[in-house]
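A.B. asks: Chain by chain, the residues run as shown.
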Amino acid sequence: MERFDVTVIGGGPSGMAAALAASEEGASVLLLETDSMLGGILNQCIHNGFGLHYFGVELTGPEYADRFRQLVEQSGITVLLDTLVIDVSRDKVVTAVSREKGLLSIRAGAVVFSTGCSERPRGAIGIPGTRPAGILTAGAAQKYMNRMGYQVGSECVILGSGDIGLIMARRLTLEGARVRAVVELMPYTSGLPRNVKQCLDDFDIPLLLSHTVVEIKGKERISGVVIAEVDENRVPIPGTEETIACDMLLLSVGLIPSTDLALGMGVEVMGSNVMVDQHFETGIAGVFICGNTLHVHDLVDYVTEESLTAGRYAARHALGSGTSGHLTAHIRPSAGITYTVPQTIRGNAEEEVTIRFRTNRVYRNVRVVLSADGREIAAEKRKIMVPGEMQTFKVKAGRLNGIRGEITAEIKEAAL
Amino acid sequence: MSEIVCIQCPMGCRITAQQTGNGYETKGNACARGKAYAIEELTAPKRIVTCLLLVEGAEEPLSVKTSGGIPKERIFDCVRTIKALKLASPVEIGTVLLDDVLGTGVCVVATKTV
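Chains V and H, in that order, give the protein sequences.
Going by my numbering, the first residue of the first sequence is number 322, and it counts up by one from there.
Going by my numbering, the first residue of the second sequence is number 7, and it counts up by one from there.
Careful: at least some of the hints might be erroneous.
As a list, the in silico EDC-like pairs of lysine to aspartate or glutamate whose alpha-carbon atoms are at most 16 Å apart [claimed, not checked]:
#: 1; chain 1: H; residue 1: Lys-52; chain 2: H; residue 2: Asp-83
#: 2; chain 1: V; residue 1: Lys-518; chain 2: H; residue 2: Asp-83
#: 3; chain 1: H; residue 1: Lys-52; chain 2: V; residue 2: Asp-568
#: 4; chain 1: H; residue 1: Lys-41; chain 2: H; residue 2: Glu-62
#: 5; chain 1: H; residue 1: Lys-89; chain 2: V; residue 2: Asp-568
#: 6; chain 1: V; residue 1: Lys-518; chain 2: H; residue 2: Glu-46
#: 7; chain 1: V; residue 1: Lys-518; chain 2: H; residue 2: Glu-66
#: 8; chain 1: V; residue 1: Lys-464; chain 2: H; residue 2: Glu-47
#: 9; chain 1: V; residue 1: Lys-540; chain 2: V; residue 2: Asp-568
#: 10; chain 1: H; residue 1: Lys-78; chain 2: V; residue 2: Asp-525
#: 11; chain 1: H; residue 1: Lys-52; chain 2: V; residue 2: Glu-496
#: 12; chain 1: H; residue 1: Lys-78; chain 2: V; residue 2: Asp-568
No lab work stands behind these hints: they were computed from the structure.
Note that the structure is predicted; figures quoted are calculated from it, not measured.
Full structure from sequences and hints, please.
C.D. replies: Below is the structure:
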């Protein structure tokens, strides 16, 4: 059986970064990708706004992917495209299939899961009505349009104000379609403020907050949707129904990390995220998880940053050149914080530790506080935090050193 | 005084801009690009345009971008001009396809290889 020090599953931005970092550490690296090219979802994100943090220049998705693809090509990384991983055993034997090579078994010293995420489909949100053609998830429509060149519809309603939905509202408009409305169940948008501005406001596309689709109409093809306002419990208010004619309904109602393979290995989960330490290692030694498989990001730049760390430590594990040590602390999200990554700290954490999290609502002029045993160990002021924007808290080197047990992460009123 | 959501990067700073005697004073911007953007947004708003065009002999459509901002009211003209380009495969990523779209001084650049 062929053996690689590090096997990376998924060749999007996360997998490419992890593979490169592992290779730079001197590990032999295998990168497996189901698509016929590396780059993942970046290949269909033709808009700009990528790379400002990591490269210091503004790039489109395909350009960001191309930069990493070139680095992968110049490295000694073995890449297998059109290859689907179907199982990873507890002793790190990766089983994959490809049209060219058939069934493959590879032994890995360390495994990195960078399998991304998938879109929440219609079935998961239970919209009543008929089941005609013309109902797509926003990302699927983006692929049909941007990579395959199809015009997916001409009169469109978008349910959910996630970033992909907002981006698609602009793309459809520029391709000649008319976007009748973006309908959002919550009283706030889940997309980035800049996308509301440049994708909706610029084109006078109405954003209907606290609204939802209550019925889908049409036989062969969707002919319209009924929308209604919802109350504070997100229940439709009778009498507020309104019909909008359309030939396409796009769903942008959330992304779910694709963790099936990792869960199959028995990794531990906290909430909807796999538990990792500050180096993105799961509870199983030598098994790492990063990118949108771990938690869904707004910015690819942060995916890259996290995945480089994951790849580096995966290589160190495989080469035996450094262990992370024992689990020393858990980070418990509290008061306004929905989750954190990482959720655990291993070893002495002498280096800077980056903690990312999201909030449950909008907060203004508050402090983000980490405490242990009732004592503040790190705090930072924030002017504004919204649920749609992932927050980053870089905890200075040494602050978590020697902390044992539980670390509480919470939002507190700022002292005036 | 008006509040502007900065679109220069995904941070989305909320900038307030106020006209003063000889210019604008801004608050809330994390960087100099934000100040420049807020002033531009109030005086002459611009946007980077990205879109697709079909290329003869290519399996996938070609994605392109403008190298800088286009006046907001000319976005649709810009898209029409780009879509009217007649190209044949291969087109390399980074190729300048138009060097002065609509007389704006801004280039149109291929963002992938087809």
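A.B. asks: If a hint holds in the structure, say so; if it does not, say that too.
C.D. replies: Quick rundown of the hints versus the structure:
1. H:Lys-52 / H:Asp-83: Within the cut-off at roughly 13 Å; holds.
2. V:Lys-518 / H:Asp-83: violated, 20 Å
3. H:Lys-52 / V:Asp-568: violated, 32 Å
4. H:Lys-41 / H:Glu-62: Violated. H:Lys-41 to H:Glu-62 sits at ~43 Å, over the 16 Å cutoff.
5. H:Lys-89 / V:Asp-568: Distance ~24 Å between H:Lys-89 and V:Asp-568 Cα, so the pair is violated.
6. V:Lys-518 / H:Glu-46: OK: V:Lys-518 and H:Glu-46 at ~15 Å, within 16 Å.
7. V:Lys-518 / H:Glu-66: violated, 29 Å
8. V:Lys-464 / H:Glu-47: violated, 32 Å
9. V:Lys-540 / V:Asp-568: The hint holds at about 11 Å.
10. H:Lys-78 / V:Asp-525: holds, 13 Å
11. H:Lys-52 / V:Glu-496: violated, 19 Å
12. H:Lys-78 / V:Asp-568: violated, 28 Å
In this structure, the hints that do not hold are numbers 2, 3, 4, 5, 7, 8, 11, 12, in rising order.
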